[in-house]
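All chains, full assembly: derive it from the sequences and hints.
Number of protein chains: 2
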Amino acid sequence: MTKKIFQFDIHATDGAARQGTVKTAHGDIRTPAFMPVGTVGTVKGMTPEAVRETGADIILGNTYHLMLRPGSERVKKLGGLHKFMNWQRPILTDSGGFQVMSLNELRKIDENGVTFKSHIDGKRFELTPERSMEIQNDLDATITMAFDECTPFPADHKTAADSMRMSMRWAKRSRDAFEHRDGYGLFGIVQGSIYEDLRHESIEALTDIGFEGYAIGGLAVGEGQENMFKALEFTTPNMPADKPRYLMGVGKPDDLVGGVMRGVDMFDCVLPTRSGRNAQGFTRLGTVNMRNARHQEDPRPLDEKCGCPACRSYSRAYLHHLFKAKEILGSVLLTWHNIQYYQDLMAGMRAAIRDGEMADFALAFHTAQEQGDIEPI
Amino acid sequence: MTKKIFQFDIHATDGAARQGTVKTAHGDIRTPAFMPVGTVGTVKGMTPEAVRETGADIILGNTYHLMLRPGSERVKKLGGLHKFMNWQRPILTDSGGFQVMSLNELRKIDENGVTFKSHIDGKRFELTPERSMEIQNDLDATITMAFDECTPFPADHKTAADSMRMSMRWAKRSRDAFEHRDGYGLFGIVQGSIYEDLRHESIEALTDIGFEGYAIGGLAVGEGQENMFKALEFTTPNMPADKPRYLMGVGKPDDLVGGVMRGVDMFDCVLPTRSGRNAQGFTRLGTVNMRNARHQEDPRPLDEKCGCPACRSYSRAYLHHLFKAKEILGSVLLTWHNIQYYQDLMAGMRAAIRDGEMADFALAFHTAQEQGDIEPI
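Heads up: the sequence lines are chains A and B, in that order. In terms of the numbering used here, the first sequence is residues 16 to 392. In terms of the numbering used here, the second sequence is residues 16 to 392.
Think of the hints as simulated: they come from the structure by calculation, not from any bench. These figures come from a predicted structure and were not determined experimentally. Some clues are possibly wrong.
With beta-carbon atoms standing in for the labels, derived distance ranges [to be verified]:
| # | chain 1 | residue 1 | chain 2 | residue 2 | range |
| --- | --- | --- | --- | --- | --- |
| 1 | A | 70 | B | 363 | 34 to 42 angstroms |
| 2 | B | 127 | A | 383 | 51 to 59 angstroms |
| 3 | B | 328 | A | 122 | 33 to 41 angstroms |
| 4 | B | 28 | A | 362 | 55 to 63 angstroms |
| 5 | B | 328 | A | 70 | 15 to 23 angstroms |
| 6 | B | 168 | A | 64 | 38 to 46 angstroms |
Idealized CB from N, CA, C, for every residue including glycine.
If you want it as structure tokens, here you go:
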């Protein structure tokens with residue numbers, strides 16, 4: 016029997032951009048990869064079959080949400096998250112740290128970890144590096160994230176340093192508590208806010224410990240795209256070249272293109288799903304608000320070059336009507352389209368890197384985005 | 016080129032029950048048939064592909080909702096309702112009469128028709144037999160319903176007689192205004208409340224005019240199943256045997272079985288879709304409330320003998336979780352299951368009639384329903 020090893024193969028590079036495959040116990044992840052977010056055991060509005068049809072290799076689950084409901088022990092009893100939600104391919108779970116700190120007001124942080132009360136029933140919970148590893152293990156995450164503190168932005172140098180150093184001690188405790196299984200991986204998370212010296216120190220601390228992949232945390236928290244790109248530029252070159260790099264919680268289509276050109280391999284964001292439910296469609300030619308009255312008699316698809324069911328079988332007029340009438344199918348179809356757009360964008364970048372044409376790809380991408388939406392009829 | 020004729024072929028009878036095929040311009044309808052309701056241009060929570068996968072041959076659209084939004088002229092401009100909503104098979108539209116009278120409080124009825132104000136924007140609308148025919152023609156309905164007044168329940172004999180006789184005058188105006196097209200049909204609607212003499216008078220008036228099918232209106236409005244069945248028993252035997260009979264707005268699974276045994280060929284109801292969104296599942300063994308805590312760790316499917324995606328790929332525990340977490344996928348999956356259950360029930364009855372075993376089928380159906388849900392683990 017072949018042992019399933021967690022492994023990253025790089026097939027091509029183009030500038031800082033890389034095209035590769037992460038091999039896992041649950042299958043391959045083609046990179047650069049975008050992970051749709053399945054917060055609480057479902058990518059909102061999509062069946063797993065539909066998610067897969069868009070070309071997604073991996074989805075993300077949220078430890079914070081899942082530990083509260085239905086509870087990680089229950090998911091374990093029911094055979095793990097893959098079986099529970101009927102997604103047999105790789106799943107990455109976050110550590111719960113970011114969400115407990117950003118979503119929960121009833122929390123207390125100290126060196127040991129975080130205690131908080133459930134917003135659902137007021138029950139008291141504790142999250143520590145050890146407990147986070149246990150929960151993610153119960154969920155059967157293919158990729159587990161180290162427990163960290165996402166340093167708030169802005170933070171002065173001392174605050175950012177103290178926060179990052181605690182995260183590094185938590186990273187060590189995460190590594191120690193993580194149960195090794197073939198084909199499963201643990202990712203460390205680089206912190207340090209927008210300070211170059213702190214990012215370098217963080218990378219050094221993490222590589223001393225050793226992880227199967229490295230994430231960049233603490234970005235996309237309000238610093239703006241320019242600062243984010245600058246931070247990437249002094250961060251990714253110092254990260255291990257032979258391990259996948261994951262930029263957490265990012266982002267808009269042009270963030271993904273800019274991230275890939277700065278050496279990022281993996282992304283996740285709620286934007287395509289949340290926007291889909293809010294009538295906002297992403298296309299090659301920019302974003303389109305389907306609630307706008309100019310669509311109401313437009314027989315054309317949202318994007319004639321898109322192969323998703325929303326664009327193949329329905330008019331802009333119909334999508335507009337569904338959102339005006341508050342019909343579920345509107346959210347379903349536009350979410351599908353947005354996830355398809357994101358996956359097509361990633362597939363386009365993978366091909367461009369293999370062909371050594373990533374710069375041309377990025378130029379064409381920006382030109383089309385700036386052209387704006389199709390002209391009204 | 017073969018002309019597409021609107022035609023009803025009866026293949027088998029068993030007692031009063033009939034199994035046949037309605038041939039239309041948009042394809043065949045196997046009867047007895049259940050029509051999922053696509054109120055405003057979508058069967059709520061389902062893609063048309065999913066509706067078809069359950070075995071549905073025909074769906075229903077609501078004239079009242081569609082004339083308000085997006086408007087029948089707009090639907091016509093966009094190629095008709097089939098194209099608009101991506102359902103190429105038969106569509107039956109109601110006349111708008113029932114809904115304007117039951118849903119709209121700002122209405123005025125006289126011999127000419129009904130005037131009312133839109134609940135969406137206050138705009139004034141008029142519905143007459145002639146206007147209803149025009150709207151249904153704009154929508155490109157395969158089966159158009161005559162414009163009628165659904166007599167409220169209870170109604171004394173004189174009120175019921177006056178109301179029915181106005182509906183008969185409206186039926187004649189509907190027939191005169193209906194534009195004949197090959198493969199399209201117009202159905203008259205029998206009224207008369209629970210009075211046998213009035214039902215007979217109504218049938219006579221309608222058959223004198225002549226329709227491609229005959230509906231039974233004014234039932235399932237609060238009279239109870241016993242009264243409904245009694246009314247069917249003195250109504251269907253007097254209806255033309257060679258035309259499809261459609262019992263409007265019915266119903267629960269046991270209403271369908273009882274209706275078929277009393278000679279009904281077609282049904283429609285929002286129950287499977289509305290219940291699906293409200294966590295209520297229909298199964299061979301009765302109805303199941305998926306919000307009930309006893310499902311929370313149950314690894315079994317809702318119905319192990321059901322072939323729908325909800326039962327094939329998910330546990331009761333997962334469906335329960337989706338409803339607790341208010342996830343769209345819960346409504347999507349349970350609606351799918353309910354429509355599948357309704358279509359399977361109709362397919363079972365069609366087979367039973369062909370085999371001359373409708374009485375055995377009904378007995379087995381009632382026994383299973385009374386057995387109640389699967390035992391908790």
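Hints versus structure:
no., hint, verdict
1, A:70 with B:363: 34 to 42 angstroms, "39 angstroms, holds"
2, B:127 with A:383: 51 to 59 angstroms, "56 angstroms, holds"
3, B:328 with A:122: 33 to 41 angstroms, "36 angstroms, holds"
4, B:28 with A:362: 55 to 63 angstroms, "57 angstroms, holds"
5, B:328 with A:70: 15 to 23 angstroms, "20 angstroms, holds"
6, B:168 with A:64: 38 to 46 angstroms, "45 angstroms, holds"
In this structure, none of the earlier numbered hints is contradicted; all agree with it.
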